[in-house]
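S.K.: Counting from 1, position 58 in the sequence shown corresponds to residue 57 in numbering that gives the first Met the number 0; the numbering is continuous, with no gaps.
Read the hints as simulated data drawn from the structure, not as lab findings.
Honestly, I wouldn't trust all of these hints.
DEER-style ranges, computed between Cβ atoms [said to hold, decoys possible]:
no.: 1; residue 1: Trp44; residue 2: Met105; range: 31 to 37 Å
no.: 2; residue 1: Glu85; residue 2: Lys63; range: 16 to 22 Å
no.: 3; residue 1: Pro110; residue 2: Glu73; range: 34 to 40 Å
no.: 4; residue 1: Leu108; residue 2: Arg40; range: 17 to 23 Å
no.: 5; residue 1: Ser36; residue 2: Asn109; range: 16 to 22 Å
no.: 6; residue 1: Glu73; residue 2: Asn109; range: 32 to 38 Å
no.: 7; residue 1: Asn76; residue 2: Met105; range: 29 to 35 Å
no.: 8; residue 1: Ile90; residue 2: Gln13; range: 29 to 35 Å
no.: 9; residue 1: Asp103; residue 2: Thr75; range: 17 to 23 Å
no.: 10; residue 1: Asp91; residue 2: Glu9; range: 32 to 38 Å
no.: 11; residue 1: Ser36; residue 2: Gly74; range: 31 to 37 Å
Derived pair list, reagent style DSS-like, types lysine-lysine, alpha-carbon separation capped at 27 Å [to be verified]:
no.: 12; residue 1: Lys22; residue 2: Lys62
no.: 13; residue 1: Lys62; residue 2: Lys16
no.: 14; residue 1: Lys16; residue 2: Lys52
no.: 15; residue 1: Lys16; residue 2: Lys69
no.: 16; residue 1: Lys63; residue 2: Lys52
no.: 17; residue 1: Lys106; residue 2: Lys52
no.: 18; residue 1: Lys22; residue 2: Lys63
no.: 19; residue 1: Lys106; residue 2: Lys62
no.: 20; residue 1: Lys52; residue 2: Lys69
no.: 21; residue 1: Lys52; residue 2: Lys22
no.: 22; residue 1: Lys22; residue 2: Lys69
no.: 23; residue 1: Lys16; residue 2: Lys106
no.: 24; residue 1: Lys106; residue 2: Lys63
no.: 25; residue 1: Lys106; residue 2: Lys22
no.: 26; residue 1: Lys63; residue 2: Lys16
no.: 27; residue 1: Lys62; residue 2: Lys52
Beta carbons: idealized from backbone N, C-alpha and C, even for Gly.
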Amino acid sequence: MTKDSDNFFERVYQVAKLIPEGKVTSYGAIANYLGMSSGARMVGWAMNGSHAKDVPAHRVVNKKGLLTGKHHFEGTNLMQQLLENEGIVIIDNQIQNLETYFWDPMKELNPSLRV
Numbered sequence: 000m001t002k003d004s005d006n007f008f009e010r011v012y013q014v015a016k017l018i019p020e021g022k023v024t025s026y027g028a029i030a031n032y033l034g035m036s037s038g039a040r041m042v043g044w045a046m047n048g049s050h051a052k053d054v055p056a057h058r059v060v061n062k063k064g065l066l067t068g069k070h071h072f073e074g075t076n077l078m079q080q081l082l083e084n085e086g087i088v089i090i091d092n093q094i095q096n097l098e099t100y101f102w103d104p105m106k107e108l109n110p111s112l113r114v
């Protein structure tokens, strides 16, 4: 990875750390907040590399609420267990009533304070 992507990853981690317990966001929402509207895949790569850090990667899902990153966690159900422990309802690897739990950094954070 290049220095630029390392910096982007750190910015992703800073945003992910702001996701409140009991809420989730999407890869695309983080990318959009960071000014890379087509960077959802890069956010996914960042989340994949975040597990040694103090980053709540389990709170980042795809735009449909699917737990697409769950295979990057220890054990097959750890991501789901972590989310359920925060009160989020999941059936068949998908968050139910996503709009109830969705946290949008563009709405919740001041865009002029982008990390």
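S.K.: Work down the list of hints and note, for each, if the structure agrees.
M.R.: So, going through the hints one by one against the coordinates:
1. Trp44 / Met105: 31 to 37 Å: violated, 21 Å
2. Glu85 / Lys63: 16 to 22 Å: holds, 19 Å
3. Pro110 / Glu73: 34 to 40 Å: About 35 Å separates the Cβ atoms of Pro110 and Glu73, which means 34 to 40 Å holds.
4. Leu108 / Arg40: 17 to 23 Å: holds, 22 Å
5. Ser36 / Asn109: 16 to 22 Å: holds, 19 Å
6. Glu73 / Asn109: 32 to 38 Å: About 35 Å separates the Cβ atoms of Glu73 and Asn109, which means 32 to 38 Å holds.
7. Asn76 / Met105: 29 to 35 Å: holds, 31 Å
8. Ile90 / Gln13: 29 to 35 Å: At 31 Å between Cβs, range holds.
9. Asp103 / Thr75: 17 to 23 Å: violated, 29 Å
10. Asp91 / Glu9: 32 to 38 Å: For Asp91 and Glu9 the Cβ distance comes to about 34 Å; the hint holds.
11. Ser36 / Gly74: 31 to 37 Å: Cβ of Ser36 to Cβ of Gly74: about 33 Å, so the range 31 to 37 Å holds.
12. Lys22 / Lys62: Holds: Lys22 and Lys62 sit about 14 Å apart, inside 27 Å.
13. Lys62 / Lys16: holds, 19 Å
14. Lys16 / Lys52: holds, 10 Å
15. Lys16 / Lys69: Satisfied, since the Cα-Cα distance of roughly 18 Å is no more than 27 Å.
16. Lys63 / Lys52: Satisfied, since the Cα-Cα distance of roughly 26 Å is no more than 27 Å.
17. Lys106 / Lys52: holds, 26 Å
18. Lys22 / Lys63: With a Cα-Cα distance of about 14 Å, the restraint between Lys22 and Lys63 holds, given a limit of 27 Å.
19. Lys106 / Lys62: OK: Lys106 and Lys62 at ~16 Å, within 27 Å.
20. Lys52 / Lys69: Holds - the C-alpha atoms of Lys69 and Lys52 are around 17 Å apart, at most 27 Å.
21. Lys52 / Lys22: The hint holds at about 19 Å.
22. Lys22 / Lys69: Roughly 16 Å separates the two Cα atoms, so the pair holds.
23. Lys16 / Lys106: holds, 16 Å
24. Lys106 / Lys63: Measuring from Cα to Cα gives roughly 18 Å; hence the hint holds.
25. Lys106 / Lys22: holds, 14 Å
26. Lys63 / Lys16: holds, 21 Å
27. Lys62 / Lys52: The given pair, whose Cα atoms are some 24 Å apart, holds under the 27 Å limit.
Of the numbered hints listed earlier, those contradicted by the structure are 1 and 9.
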